[in-house]
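Residue numbers (full-length UniProt numbering), protein chains in the order written: chain A, 1 to 667; chain B, 1 to 667; chain C, 1 to 667.
Just so you know, these hints were derived from the structure itself, not from any lab. Mixed in with the good hints, there may be bad ones.
It does not matter which identical chain is meant; a pair holds if it fits inside one copy or across any two.
[As the list claims (entries may be wrong)] Here are the simulated DMTMM-like cross-link-like pairs (lysine to aspartate or glutamate), alpha carbons at most 25 Å apart as the crow flies:
id: 1; residue 1: Lys563; residue 2: Glu170
id: 2; residue 1: Lys563; residue 2: Asp284
id: 3; residue 1: Lys563; residue 2: Asp187
id: 4; residue 1: Lys563; residue 2: Asp287
id: 5; residue 1: Lys563; residue 2: Asp243
id: 6; residue 1: Lys563; residue 2: Glu632
id: 7; residue 1: Lys563; residue 2: Asp644
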Amino acid sequence: MCATSSHRRVGLADVVRGRVLFGGDYNPEQWPEEVWHEDVRLMREAGVNSVTLGVFSWAKIEPRPGAREFGWLDRLMDLVHENGIGVVLATPTSSPPSWLGRLHPDTLPRDADGRTEWWGGRQHFSHSSATYRRHAAAITEDLAARYGSHPALTMWHINNEYCTYDWGDEAAGTFRRWLRDRYGTLDALNTAWGTAFWSQGYGDWEEVLPPRRAHYLNNPTQVLDFKRYTSDMLLECYVAERDIVRRHSPDLPVTTNFMPMWAGQDAWRWAGEEDVVSVDLYPDPRDPFGAQEGALVQDMTRSQARGPWMLMEQAAGSVNWRGVNHPKPRGLNRLWSLQAVARGADAVCYFQWRQSRQGAEKFHSGMLGHAGEQGRTYQEVRQLGAELRRIGPQVTGQHNPSQVAILHEWHAWWAGEQDGRLSREVGYQQVVRAWHRALWEAHITTDFAHPEHDLSAYRLVVVPQLYLLTDTAIDNLVAYVRGGGTLVCGFLTGIADEDDRVRPGGMDGRLRELFGIRTLHEWWPLGPGEYAECDGFRGTLWSEEIDAGTEETEDVVALSRYKGGELDGLPAVLRRGRAWYVSTLPEPAALRELLEGVAAGAGVRPVLDGLPTQVEAVRRGDLLFVLNHGREPVTVEVPGEYRDLLGERRVTDTLALGRYGVAVLSP
Amino acid sequence: MCATSSHRRVGLADVVRGRVLFGGDYNPEQWPEEVWHEDVRLMREAGVNSVTLGVFSWAKIEPRPGAREFGWLDRLMDLVHENGIGVVLATPTSSPPSWLGRLHPDTLPRDADGRTEWWGGRQHFSHSSATYRRHAAAITEDLAARYGSHPALTMWHINNEYCTYDWGDEAAGTFRRWLRDRYGTLDALNTAWGTAFWSQGYGDWEEVLPPRRAHYLNNPTQVLDFKRYTSDMLLECYVAERDIVRRHSPDLPVTTNFMPMWAGQDAWRWAGEEDVVSVDLYPDPRDPFGAQEGALVQDMTRSQARGPWMLMEQAAGSVNWRGVNHPKPRGLNRLWSLQAVARGADAVCYFQWRQSRQGAEKFHSGMLGHAGEQGRTYQEVRQLGAELRRIGPQVTGQHNPSQVAILHEWHAWWAGEQDGRLSREVGYQQVVRAWHRALWEAHITTDFAHPEHDLSAYRLVVVPQLYLLTDTAIDNLVAYVRGGGTLVCGFLTGIADEDDRVRPGGMDGRLRELFGIRTLHEWWPLGPGEYAECDGFRGTLWSEEIDAGTEETEDVVALSRYKGGELDGLPAVLRRGRAWYVSTLPEPAALRELLEGVAAGAGVRPVLDGLPTQVEAVRRGDLLFVLNHGREPVTVEVPGEYRDLLGERRVTDTLALGRYGVAVLSP
Amino acid sequence: MCATSSHRRVGLADVVRGRVLFGGDYNPEQWPEEVWHEDVRLMREAGVNSVTLGVFSWAKIEPRPGAREFGWLDRLMDLVHENGIGVVLATPTSSPPSWLGRLHPDTLPRDADGRTEWWGGRQHFSHSSATYRRHAAAITEDLAARYGSHPALTMWHINNEYCTYDWGDEAAGTFRRWLRDRYGTLDALNTAWGTAFWSQGYGDWEEVLPPRRAHYLNNPTQVLDFKRYTSDMLLECYVAERDIVRRHSPDLPVTTNFMPMWAGQDAWRWAGEEDVVSVDLYPDPRDPFGAQEGALVQDMTRSQARGPWMLMEQAAGSVNWRGVNHPKPRGLNRLWSLQAVARGADAVCYFQWRQSRQGAEKFHSGMLGHAGEQGRTYQEVRQLGAELRRIGPQVTGQHNPSQVAILHEWHAWWAGEQDGRLSREVGYQQVVRAWHRALWEAHITTDFAHPEHDLSAYRLVVVPQLYLLTDTAIDNLVAYVRGGGTLVCGFLTGIADEDDRVRPGGMDGRLRELFGIRTLHEWWPLGPGEYAECDGFRGTLWSEEIDAGTEETEDVVALSRYKGGELDGLPAVLRRGRAWYVSTLPEPAALRELLEGVAAGAGVRPVLDGLPTQVEAVRRGDLLFVLNHGREPVTVEVPGEYRDLLGERRVTDTLALGRYGVAVLSP
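If we strip away everything but chain A, and leave its shape as in the complex, we get:
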């Protein structure tokens, strides 16, 4: 099912070779060539050793249909190479030239309302357009033929942030093709989609459409399949280009950059098709939980990579797509970059090297900002480059598996967040973030895993919420507990099968059995700002009317019960042996305490004892990273003798960290 176990032919290690990759997207086509020479000088001074070229160069390379203008890129590749900087070369297929849309309007996507997405922005391509695919393959072929063996080239980068949708007519055709592959027959599709409801039965494949604008709610399985299909169509585009560049560069790894926890791609499946798993990461510098968001995405990406990974894009300062965009205060860029290294990154890169003066992202920061060489941003980038050079040999290639896994899965997210559900207040990401935060604040490092993965190596498995679970996944969870594992499971888990069909009893029987739930009478979602009082804590978002049937199954323990209201006295948290069920979302401190207790029972310890919440500790190889996310200096206990690779100081038992301070402790 999940392709992540396939062996990678080549990988990040082949590029890294003891150095943390440091650099970013480089778009010199925006500048006269004299600027290029200043660029490479400043790159060298900053320790840049890798740049990504070509992401948005299609129109430059092919300004007219069939033209090929490679001269500028030849010069650029050579220049970069002469300066000892490696190149991640991108296929330019995420932003086709204007002539493609004009001559071939079939390459433009349509939304659910039938509106065209025109050129003039970016990503104006339909994944389903045969014309688009043909032109993308041609430019990829020629690019790979020309540069596939260039000495500067270290890695291929396909497209950029795949994230488009198409509801148009050609997409309707590929949707039907995808559905035929999935279901074989219309009968099977009708059964899977439950088309008997609302008279939606299909008698001819040509009747099947993407879920376009409808009078009232669309068929939810159709919507779910459309998301699956979209992820798979984009993956087809990726694979097609990957296979071309592989032919020309058999010994170089291939990647494409994910957006962080992006709803549009089943990244478990995609990761299996990549040689290097890379991600873009943009927490809000003003978000008090920005560091935890970073940790979550880093844990997720490391788990997809099953080892070191690449931070392809981050911002040296502000982004420009929020309502209010804050720069990074002094030290934060360094802190968050080293956090990524702590959690497995072997590459720390940025969008982009030099901040644009024109275009839609001219207020998105660069490593070299509008303020130039004297600007604080570049000065800090330079310092960071030097530090990464220092720690590179000790950290790169290191990978420490965790004892705890959080289960996450895209199909459950897609199915669970549709219209027509019981509460729009419950957001999948918010719930996953709340559970990860509890473990992060408890200083317990976690992996993420797919619910069908082999979980036996983990002491503790946590399921924040998996509305949809396949039979295989459910059996996997049950077997995991039977095999001695400890499982904690949040509400709205195991409700639906893979066709988004509600399981009998409203929740899968095997899971109800596992947790000791005899009858799940009713779900009681909580409104905005509403709480459910429980023994020892307050629950948010959700509550449930459960009959635990305690008289028959004496091993079922209600660890906390609802107090007052309609659910008074009913169980809020159930435990049956090593299986825990949490029918609400406890407030943060309560969830942390609950998970700390369960983890301790499962033999899982925090990285360090007694750390304050805002200090993060992570082990990578033999190194211990300690990061102060607070704006106040702090002193923490680190029993033992260490050398701090950054400060070149000895540390014995006690470590002082300034505001946003980091230590990389070597025993």
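Following the hints, put chains B and C in place on chain A, whose structure we already have.
Below, chains B and C alone, put in the same frame as chain A:
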């Protein structure tokens, strides 16, 4: 004008025959046939005596154009019949099969922006499509021919929740046809629409369109007529199918289910075309005034039916279309169902019997929920079925006219809630609900009436707000007061004539004369959260700068005056004899007190004296229903000796009711 | 560049001739002719001396293609003339007849999503439609030929509130034509738009489109040029009609009415094409700063006119397009009308004379409202007419230049308010209003000026925010300071050049030099409700990380520094000689105090000393207008001896004003 006075050939009484109808929508096409047998067993155990079949069966019956698959329905009708359950058979025309949209895109509606509403949801049909109407007639004809005499059949149900709009080209044609019928000449249309404003005059019928997307405000009379036309087009669809089934089942009544106080249909007009008036009712279980919303819709439906009516749909637990959907707490389903019976329902039905496992409404509750037979929901349904069986013989067929009528009218609603008015804060439904609530909390049972109805039987007539009134309606109100009736009238009444033309003086002169208003200088709408202080209360939403001309007309009394602000000292509540004018919306307690006083003066008494607000008392026939809408037990005075039909207890002067408790007291 | 310096052939003075024009839009086509006679009687009684006819008369004049129905207008012109009322005659081209849209759908605009704007509202014309322009020219030609010499005619009024956009195919063609004119070559366009970013390079003119719906952010220079183009296309429409009427009425002035500070038109450029500059003005009667909004628009319009101007539209009472629309309380219409006269208006007119009974604006007030002749509104209009008659001879034609100018420019507004910027909280109008309010509350009368205007006559120039500045404008500012002028400049000024290209260093080097900014490290926008503490005040919206390089340039003074937070100790307000830079938006009292101080230093005094904030004082010619915007009476010092032209009283040193009171003091 209003067709409700037409004699009904056959009616609900012909079906009811002493039993409260109990059951609901039954969509067994979603389930394998073995489940059907479990269904009828559980229906019997729950006392179900009526199911609605076929609402969404078109694609099942006609899976390909012209096909007829009746075998499954034959078996189902027979099975249900063998188990003593009657069938309300629906024409399946609200959700056409996918092939119809594909082969005939002209059957799909377009919105005001020109966007198509595709199949894949429900109700994707254009009321104006000749192709749709032809196919709907054909399936109706064959269905009626096959089952019109089936012994299980008790009633025909046409379509489902008519609620669609169409701004497309074929609709433009039927709109013009409707306008020709209304106005005869373009000159008359130009006059009615006031097209001299903004250069909108029409010189050719073909220039006239539905009110599509425009640069700025659409012509308001065009918008009003488009709503009238839409209601009439849907009614044409209904009548066409009704006439077909009547031909095959001359002795069976025909209905279609209204949505509660739905803006899209002039239900006064529709009710006149139905043999049985039925409604769907879904108050939010968490709404503290949910019971009053129920009472309002029940009073409205009873008034449209002029006697017993059918509760076609309600939810046994939660719905799934609100932002946060709560289940019904223990006892609430029983309480609200018996409230409907108290206010005239002879049928208590649900959407739907068995909760769906698939499709867009799988989280909408059923009588038999996901939790199954042991679930609380089904257990409570079963108890209710038994109770309805017990009280059926005494209550069915009973109808008690009220002494008080609230006037309500769709055209006034449509005209008054357009863009370009003085305050978007004033919502018609909100104002009507506020006035009904005042009477409901005063324990005064009310009918609803159309402003052109004969009102002479009422002691008190209340007009919360009728922005648009025809001359006939105004004369009717004046005559009602002249004839001895008491009238209380809220602001924004009598402003416009039936073409939405503002009447001279800003409010009809006959009404100003009636209330003693010499000059209505200015309207002063109040902002959100703003109040107008008046003697004795605070007004909300609205205030007015009125010159009552007291020196000339000494019989005009200002019962309350504005205090402070620009209106200081001007009248807020005016009385001239038996005519009262309220120029603001008093806060709830003040409006209740005001109406209690006026009612007392008109000789109208509450059902019971001294009841707390949350206890509702209603008489039906000789029975006295007493319902505790509170979560705390309560004891109330009920002078006299009664037998409680539900509890089988004797009640003398004092009645104790538990949380959500109900008593049906027989003298 | 800016055409405002062209000499006006004829102007407002030719019409005014010692009378304040008083009247408004008159749309008698909505009424039977008997009403016209009542209209002129009531006009005469109210002192009306000018009406605007024909604004929405196209369908009345040309009910069928090519027809000409002038009889009614002949009668109307004669009637009005006989009653001594002048006519401002409008070309009716803002609202084409329905047949035009039906026969020529190419005349209808399309929005960025491709949706048509249909007839049935108003302004449903595409500025780019050759068909529309041809029909508009024809009706204008015939109208001008017929009435160009009519004795009632005093002025031509072209179209009405030009404000439309078009993204359709014909507009794409005119956009390309406009771009060719601007750039000459595609290379120049590619450079200006920075199309190297995101692969947007154009190789063929036909590829260039209006900025239609895109997947992600549109190219910002394309968006900016589309706004420039739209303003210019509308101006082409205006000029075409103007030239026609000028041919027929060479001695009459021509105008078109601006909306107040409307984003869609570069009014500096437009004003240069008008003989009379006129504006519509609708502050919210409930806005506590409504009077200041009025003053701002009046100052702006006077500056565009470089002398007396025309208030073309205001409301005698409420409008009908806000969420909640309040009438004007007693006295407010007089107060705000006299404020306009104080600030240079020689015409006080309304939309509209008689309130409509039908159509989309029937709840927009008229001089003669629904309440009629006895209504308060008309009574107050009548009083105002008498007062204007009294003061007309002394005020008309007078123009007093100010010592202070606020710089304002549309291209800076357009470029600065796009998507993809650092803060959506920063609104251009809000910032300009805040700075104008500070000066208004300091009783310092201001002009507005274009940044390329000759500023040498001003003692103080204030730049609230000009994100985009041309090189010419920057040199102009620098020269102004070098020449002895005092300049105060707010944040986000001089960031971009005229192609929206960020200037090196993030802010123009000449300006950084002028203010003493060595390095602008980072912008720190503030969130909603967030403050930046500074010495002496709190800043809002924005803050900046600036290195002022004080050690080298000792003449740079930090007048206030940030306190606490990331910017602790950095300069918030910088001064270098007569150039001031304010890197945040100080709270109102602080900004007022700051500007009072700078103004005093530049030798600028308030109109009167010691006035409370809510009292406004303005000089026009020799007259001193004193206006009390408060609801409480007030007494103020006015040193000297005066005669109050309104109250016919003598005033010596002290003036008492009632609620909303006004005095027009003559020495």
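* Under a CA distance limit of 25 Å, which applies to Lys563 and Asp644: within one copy, between copies, both, or neither? -> neither (50 Å within a copy, 34 Å between copies)
* When no copy is named, should Lys563 and Asp284 be tagged within, between, both, or neither for a Cα gap of at most 25 Å? -> between (37 Å within a copy, 23 Å between copies)
* Give the relationship of Lys563 and Asp243 under a CA distance limit of 25 Å: within one copy only, between copies only, both, or neither. => neither (60 Å within a copy, 57 Å between copies)
* **Identical-chain pair category, Lys563 with Asp187, by Cα at 25 Å** => Neither, since 48 Å and 70 Å both go past 25 Å.
* Should Lys563 paired with Glu632 be assigned to within, between, both, or neither, using CA atoms and 25 Å as the limit? -> between (39 Å within a copy, 17 Å between copies)
* Within a copy, between copies, both or neither: where do Lys563 and Asp287 come within 25 Å Cα-Cα? -> For Lys563 and Asp287, the Cα distance is within 25 Å only across copies (22 Å; inside one copy 33 Å).
* To do: If the cutoff is 25 Å on CA atoms, where do Lys563 and Glu170 land: within, between, both or neither? Let me know, please.
  => Neither: 56 Å inside a copy, 59 Å across copies.
In summary, the structure is inconsistent with hints 1, 3, 5, 7 from the numbered list given earlier, while agreeing with the others.
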